[in-house]
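A.B. asks: Model the full assembly from the supplied sequences, consistent with the hints where possible.
From first to last, the protein sequence lines are chains A and B. Note that the numbering used here has the first sequence beginning at 408, numbered continuously upward. Note that the numbering used here has the second sequence beginning at 2, numbered continuously upward.
Quick caveat, the hints were computed from the structure, so don't treat them as lab data. Built from N, CA and C at the ideal position, the CB exists for glycine as well.
Here are the simulated DSS-like pairs of lysine-lysine, each with C-alpha atoms no more than 30 angstroms apart in a straight line:
1) K642/A - K663/A
2) K118/B - K545/A
3) K184/B - K7/B
4) K111/B - K472/A
5) K112/B - K545/A
6) K22/B - K545/A
7) K82/B - K545/A
8) K22/B - K82/B
9) K545/A - K181/B
10) K119/B - K184/B
11) K545/A - K7/B
12) K118/B - K663/A
13) K30/B - K181/B
14) K119/B - K663/A
15) K642/A - K545/A
16) K111/B - K545/A
17) K112/B - K184/B
18) K184/B - K545/A
19) K477/A - K545/A
20) K119/B - K642/A
21) K241/B - K181/B
22) K472/A - K82/B
23) K188/B - K241/B
24) K30/B - K82/B
25) K7/B - K111/B
26) K181/B - K118/B
27) K642/A - K118/B
28) K181/B - K663/A
Here are some of the chain B residues that sit facing chain A, going by a computed Cβ distance under 10 angstroms:
29) F87
30) Q89
31) N91
32) N94
33) V98
34) A150
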Amino acid sequence: MAVDANSSFITWVLYILQSSWPLFLRGAQVTLIISLSGTIIGFLIGVLIGIIRTIPIDHNTNLFKRIVLKIIDYFLLCYIEVFRGTPMMVQAMVIFYGSAMIYGIRMSPIFAGVFIVSINTGAYMAEIVRGGIISIDKGQFEASHAIGMTHAQTMISIVLPQAIRNILPALSNEFVINIKDTSVLNVIGVTELYFQSNSAAGNNFRYFEVFLITCIIYFIMTFTVTRILRYFEAKLEGPSVYTIHGSQTVPEAEIKISTGSKKNGKNH
Amino acid sequence: MEKIIKINHLQKSFGAIEVLKDINFSVSKGEVVCIIGSSGSGKSTLLRCLNLLEIPSSGEVVYHGQNILEQKMSNAVYRAKMGMVFQQFNLFNNLNVLDNCVIGQVKVLKKNTAAAKKTALDYLELVGMSQFINAKPHQISGGQKQRVAIARALSMEPEALLFDEPTSALDPEMVGEVLKVMKNLAKSGLTMLIVTHEMAFARDVANRVVFMDSGVIVEDDVPDVVFNNPNNERTRIFLKRILEN
Chain A
408 MAVDANSSFI TWVLYILQSS WPLFLRGAQV TLIISLSGTI IGFLIGVLIG
458 IIRTIPIDHN TNLFKRIVLK IIDYFLLCYI EVFRGTPMMV QAMVIFYGSA
508 MIYGIRMSPI FAGVFIVSIN TGAYMAEIVR GGIISIDKGQ FEASHAIGMT
558 HAQTMISIVL PQAIRNILPA LSNEFVINIK DTSVLNVIGV TELYFQSNSA
608 AGNNFRYFEV FLITCIIYFI MTFTVTRILR YFEAKLEGPS VYTIHGSQTV
658 PEAEIKISTG SKKNGKNH
Chain B
2 MEKIIKINHL QKSFGAIEVL KDINFSVSKG EVVCIIGSSG SGKSTLLRCL
52 NLLEIPSSGE VVYHGQNILE QKMSNAVYRA KMGMVFQQFN LFNNLNVLDN
102 CVIGQVKVLK KNTAAAKKTA LDYLELVGMS QFINAKPHQI SGGQKQRVAI
152 ARALSMEPEA LLFDEPTSAL DPEMVGEVLK VMKNLAKSGL TMLIVTHEMA
202 FARDVANRVV FMDSGVIVED DVPDVVFNNP NNERTRIFLK RILEN
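C.D. replies: Have a look at this one:
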């Protein structure tokens with residue numbers, strides 16, 4: 408396909424797609440890898456911190472445990488405040504060049520990208536998970552303690568499944584933000600979608616056409632991700648139908664009851 | 002009669018407010034004790050102290066001759082012996098009816114899942130909820146939830162069952178089904194301690210009725226005496242006010 412300065416907009420877009428598709432593809436791939444692993448690792452960090460920060464301290468807790476928890480809590484709070492309070496782009500520069508200069512560690516750009524996105528997401532998720540845990544009705548904890556379950560058992564079997572179900576929308580938010588925000592990692596030479604688009608634009612001297620394509624690719628990625636997570640949300644909600652067991656021996660006696668729980672899932 | 006629980010000089014304060022003042026009281030095996038009294042008289046707090054959901058400020062809770070506040074016995078082991086039924090049901094929202102009754106047996110009593118399921122089904126059958134084993138808590142009515150909550154407590158095969166106003170959050174038409182289940186349990190010889198506003202039920206089912214007012218036990222006697230011939234003026238005033246409504 409031949410193009411020149413007078414070619415139409417559509418011709419240029421088609422030409423760029425035809426000539427630069429491997430760049431876009433590789434860029435999108437790196438963006439997805441970094442944002443997916445960053446979100447997952449960040450989520451795990453967040454869950455861990457959320458659990459630690461909601462360990463109950465009462466007058467039964469011995470002094471040593473109380474002091475240890477206070478110190479850990481202080482450090483976690485510093486971590487959360489620092490990483491929420493500074494731009495990810497700046498963190499990327501500080502960590503990537505700082506680790507090379509001070510410790511002589513040369514991270515690969517992709518590793519650095521995953522690392523930075525993870526700890527950043529972790530700082531946000533920590534607060535989201537904490538919010539999810541404290542929003543669970545106190546009665547759930549009490550009922551669980553009343554049948555003799557320990558705090559750890561209560562968290563794992565009762566509270567976290569409910570809390571995580573409730574914070575899934577926030578998790579999908581974080582994922583979408585990460586897909587878009589990995590674009591700032593081009594400052595440390597991560598060859599993600601924005602970086603690759605810049606190359607493609609430079610090759611062709613066509614910025615509008617290239618970045619319009621980039622825009623569409625970003626949107627396809629974020630839209631797909633939100634749809635997939637919405638599907639999981641619905642899955643976790645469980646079926647809106649349950650079976651009445653008319654008789655243990657006669658399966659025909661079973662009746663399906665639909666309760667429309669999808670809408671009223673939160674009602675007690 | 003063998004004493005399951007004996008409370009000596011129990012006192013509980015929340016900040017500057019003294020909710021329970023020098024409570025002395027005991028429950029024998031097979032007894033059904035109803036605790037009555039106006040709101041804020043400390044009856045729920047007393048029940049919650051028995052299950053250590055509240056830690057008493059001072060005093061003793063003696064379980065089979067052992068003071069459980071001395072921490073020789075783990076709270077978890079003791080709590081598994083004291084079943085609790087809450088006003089707000091507090092079924093585990095992420096689990097279906099059957100798993101609500103299974104999880105404690107598996108996690109706390111370390112039973113295998115098959116045995117736990119069998120026990121759970123037996124008790125769900127007893128409260129008339131065995132048809133609903135795969136319903137989630139938000140899919141069933143209040144009365145059904147409370148019956149499942151009773152089955153959940155029974156599945157742990159506790160020595161005594163504590164009821165904290167089990168019918169107060171229910172629609173009037175559902176109160177009956179829960180009281181019926183409790184009545185049957187009482188007949189079966191289960192030790193029960195019930196905080197309630199259902200005077201007719203207390204009169205009918207209880208072996209003993211305890212009247213509490215402002216954090217003290219005012220009256221502790223058989224229902225006939227408490228309801229028809231109370232010793233204390235405060236009991237008389239309370240009952241008069243209740244029965245007028």
